[in-house]
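There are 2 protein chains.
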Amino acid sequence: MREYNHDAIRATLERARAGDRALLGLEEADELARAAGIAVPRSALAASATEASGLAAGMGFPVALKVSSPDIAHKTEAGAVIVNLASAAEVEQAFRKLLANAKSYKADARIDGVLVQRMAPAGKELIVGALTDPSFGKVVAFGLGGVLVEALADVTFRLTPVDAGEAARMLRSVRGSALLDSMRGGGPVNREALASLITTVSHLVEDFPEIAEVDLNPVFATPEGVQAADVRILLDFSPPVARYRPSQQEILSAMNRIMRPRSLAVIGASAEEGKIGNSVVKNLIGGGFRGAIYPIHPTLSEVLGRKALRSVKEVKGELDLAIFTVPARLVPPLLVECGEKGVAGAVLIPSGFAETGNVALQREAVEVARRYNLRLLGPNIYGFYYTPENLCATFCTPYDVKGKVALSSQSGGVGMAILGFSRSTKTGVSAIVGLGNKADVDEDDLLTFFEDDPNTDVVAMHLEDLKDGRAFAEVARRVSRKKPVVVLKAGRTGAGARAARSHTAALAGNDRVYDDVLRQCGVVRAYSLNDLLEFARCLPLLPAPKGENVLIITGAGGSGVLLADACVENGLQLMAMPSDLDQAFRKLIPPFGAAGNPVDITGGEPPATYRNAIRLGLEDPRVHALVLGYWHTIITPPMVFARLAGEVIEEYRKKGVNKPVVASLVGDIEVEQACAWLFDRGVPSYPYTTEKPVAVLGAKYRWARAAALIY
Amino acid sequence: MREYNHDAIRATLERARAGDRALLGLEEADELARAAGIAVPRSALAASATEASGLAAGMGFPVALKVSSPDIAHKTEAGAVIVNLASAAEVEQAFRKLLANAKSYKADARIDGVLVQRMAPAGKELIVGALTDPSFGKVVAFGLGGVLVEALADVTFRLTPVDAGEAARMLRSVRGSALLDSMRGGGPVNREALASLITTVSHLVEDFPEIAEVDLNPVFATPEGVQAADVRILLDFSPPVARYRPSQQEILSAMNRIMRPRSLAVIGASAEEGKIGNSVVKNLIGGGFRGAIYPIHPTLSEVLGRKALRSVKEVKGELDLAIFTVPARLVPPLLVECGEKGVAGAVLIPSGFAETGNVALQREAVEVARRYNLRLLGPNIYGFYYTPENLCATFCTPYDVKGKVALSSQSGGVGMAILGFSRSTKTGVSAIVGLGNKADVDEDDLLTFFEDDPNTDVVAMHLEDLKDGRAFAEVARRVSRKKPVVVLKAGRTGAGARAARSHTAALAGNDRVYDDVLRQCGVVRAYSLNDLLEFARCLPLLPAPKGENVLIITGAGGSGVLLADACVENGLQLMAMPSDLDQAFRKLIPPFGAAGNPVDITGGEPPATYRNAIRLGLEDPRVHALVLGYWHTIITPPMVFARLAGEVIEEYRKKGVNKPVVASLVGDIEVEQACAWLFDRGVPSYPYTTEKPVAVLGAKYRWARAAALIY
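As they're listed, the protein sequences go chains L and U. Sequential numbering of the first sequence, starting at 45, is according to this note's numbering. Sequential numbering of the second sequence, starting at 45, is according to this note's numbering.
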């Protein structure tokens, strides 16, 4: 399939494996690159100064000389490279100098020889590389290279493999991408050749997983093509242990029984007020769950009016779900009973597992679960809510505002924030799920369930790590084509640099890889807890936009400026106003108002002006989304505005015109009531902020683009 | 003072002025640079190929050749530069090629000759430049240069002149500043030489204001020194018109009478409910203003129980302030009466001036004001509030929550957001001022007043432009040493590129200059309306931190991670935990809790653990600020946490220990009440967000650093 010489690459790798070498020598790295179809300048290894000058004469001046040593990974720092040698004499002198430098850098460095390399034609200096991420596996990188590589750290990452389209997007993703087109310094580079180099590297590390890291730095890119002037290849012959990964069908089958159980047991049910085992039963009953509820307790005969059993084994008929509220140490033996009973899933509320250092106990629970093909949620969680089934399998207070967003959190604290925020804002929710230690069920299991769940239109997840980033990425990529997946990744700034010997890996601060890969998979990333919550609240309310044309209609010029700022910051495109539409707006607004975009209808206008302007925006098919800016006046008070906006939007929805509309209301406190009123009618509306409604619209657009609904 | 040859520079400029040339020729630009003490490579102008090769031989190879033409500003694009010429033959060939290129680029280009220039020693390629900003005047720039200049746009700006310290900060302000130290590509540059070059350019454009733009690009920086390999100088002999700028004493004298009037008149007072002239009088009376209030109306005898007069001239005794609520066209003649009466200031509420295109009417009002030395607020504003005097000089509803923050807005809509937000959050306010068209009084007048106002601890301003950025910068720099100045600059993304012929000016997108200059002046910039409002609300509550050590104490590990993320993003320094303090925390928290920073006391802890941990953080003098993360549990419910936190903080305040403390509360809706309770006790606390409290603390730190209170 690839154009590369598979056998030659394999042979080189096997030689290195046999020699137990993790770093390829310079000559064999060049050879491997050539075998992979990567253009590298002519090069050969010399053992003596005379041999070096002879080789140089053969390939033509100028040449570069580089010490090849398994003990020198960073040649420039070691003074192990001399470039631009233009004569035999210079080459011989450089040869001796290099050996001296290498010796003074590391007295006992093993020297394979000195690589003589024809100088590549100068061009834009770039880096192409690959690394093995502990969570995502193979990742390919592209960025500005040469001396700039560390100073600018302007690099972008993608899961391997990438196709030509994704590689082309990588070229546009770096901050300095204009450099590729710049006429200064030699004209635009050959983008096709560069993209092809990226795809080649991405396939190379996929096809030969023992290639752990690749640095092509610098890659010289010219209008003619690309050449990798320096190739560094690091190997790792110990493959990572794969995480348990059931099939999509297995996940669905188990998750359906967990989220929509016909019967469930509460193991550790308690009659005592304030106990977790009591709260859970109370919430199940009070929440309105209509399936069978079996309190399990060794001695009690009933709990909150429900007959208690001594063991899950006493349950007649099938049992789908067991909720554990017993101390941690009791979990494994009771899990065995669940397994024998054929329970599909266990919700492990108790703490006292890996998070407190008791890794063995957690491992034991997982082993039992695997043995009986039983899935575990948690441990160390608040439980979960699934509102379509009136299911509150948690010790927290019930939640019953049904809606289309499913939320999950790795942390209990964040879960409580989800609950409080949702209640305070009346956010319609399908599920809230605690994942805790993620001993078993993790985000990709949840995503797989929510993908097919007709009650869920949006999935919003808080996570601190991904146990199997590759699996998550694959599922997220599939799901995000159907419904938005919003992710708040915590711990994004603290990630220390990993020990890495390649530039590529050193640049891959944990969060950069997350950021790029999540975007690659169509995930909408939230960068703050409040954004996660607001996106979750609003995305189900907004229809998908059908195009990029955003129009701002505002009563306050000052808000209009801030709304326009927010649009640009959120990557939204302010519609270039067609002159006929501009004229139509001008007919509605006072002569000193401003048409264009924003449309400034000015502050002293009556309700009719707002109404007509919004109507015009909804009616014109060239307008794809509206941002409304309201300014509190006596002539058009807040609730009058809210009602008229709500009415007009509803009128057009009935006609089949459903565009995303968001609103910013500035004014005295009456605007708060007006915002709540509009929210209830599906219009995300915020007081005292111009940025929040636009951020919400921006999130919807990010998803719509990733799902290829527009363009 | 400067080391440069003043007479030589003056002579060059006068020659250009005589020749009506806006672009200096290459040779004279080099000469001017040398006269200014800027190192440039040897160079001379050649009229023929032979002369060029002779000059080159004299200065030594390699050389560069550049066409000198007033019609070619961007030489690289025109193919008007050839570098690295190593022999006489190459020079002569290049000479002919350049002339051909110039001709094909622009057939009728005037050619002064071809500059022969000794090649500068290669080094890091940087840009140093200067431009004339329409608002701020002379601005100096530094950034990454050469082929990277447009691609990376990595440039920073400062008001001129800059001293060595500020220049050194500029070197650290660019994203790629690590390049200056990088060992790759030739070792660290000589920072002193580079800083000195920046200060020289900054003084040059100050001392010779007709130098409108300077590009030194590339500047080659090496460990030895710096050389400007290409000098471009643009001139402008028409000086800008200076804006009216009274002395600090004059401003204070007028502003004191405006903000603290003993007597005031409402011109256009009305007895009719709903009229602006009625609302203003009602608010003045209802707000509790204790000075004299004179309704002015041609026919009415009283308004809302106050005796009405026909003209301000009928007022007995001194009149400080006149509030206009008449139609725009009536303003100028009535202003004349105010002027004759000796009124200090007029609040021009009416619209219908420049904002509707009626520039002439506005100019007329300003002329009257100047004639009578009367200051104008507005026109086109809601008026203003000054709570220490119970003064509500506005048609909006009264506001009476007294406090230490003064706010201003250019836009009425934003003013209404300020009012609504303040009322909703019970923000303590000293003043809210509308500035509108800023025909006269602008932000620097307000700042000058608030600087000395004992009722104001923080000034927060929304602005869309600065009529005189230089004046604002000077006042802001002075004021921000005493009290925080927060600015929301709207219109920051829409600013189109100005027509500019230098790289420096092209890079100075309006907002970049604002961003850098505001920071240079110690202003805390808010990047969203909500941030402006929250910073205004919180900064007066927080004491100034005494050092950089921030400690997070959290009940929820998940919040701790998000709080740490937020700290890093807001430029806060997480304290490296001393081992004795770490031990002390470990004694308080469960064994599986995590000391270090964040201190994770874990979720199941009783109030005493929170209490003891907060106490420890307040007590240790090495800790300078606390970020609290609370997690809603049954054991420590929200209000229990709020009360204990409030008590401990109060206890230490009484002992004289007053550190900034902020809190993030996650949990069910009861946390909202707990946050309000803590806010009332001076602890900025937010539910459902980890980022907002940290952003507020970050704003306080930004100010404290700018005011040199820490470090």
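Just so you know, these hints were derived from the structure itself, not from any lab. Just to be clear, a hint being listed does not mean it is correct.
[Unchecked claim] Okay, derived cross-link-like pairs now, SDA-like style, lysine to any residue, Cα gap no bigger than 25 angstroms in a straight line: (1) Lys631(U) <-> Tyr571(U); (2) Lys147(L) <-> Ser226(U); (3) Lys319(U) <-> Phe636(L); (4) Lys319(U) <-> Ser226(L); (5) Lys360(L) <-> Glu399(L); (6) Lys141(U) <-> Ser226(L).
Since the model is a prediction, treat every value here as computed from it, not as a measurement.
The hints, checked one at a time:
1. Lys631(U) <-> Tyr571(U): 42 angstroms, violated
2. Lys147(L) <-> Ser226(U): With a Cα-Cα distance of about 23 angstroms, the restraint between lysine 147(L) and serine 226(U) holds, given a limit of 25 angstroms.
3. Lys319(U) <-> Phe636(L): 22 angstroms, holds
4. Lys319(U) <-> Ser226(L): 61 angstroms, violated
5. Lys360(L) <-> Glu399(L): The hint is violated at about 36 angstroms.
6. Lys141(U) <-> Ser226(L): Given that 25 angstroms is the threshold and the Cα spacing comes to 22 angstroms, the pair holds.
Of the numbered hints listed earlier, those contradicted by the structure are 1, 4, 5.
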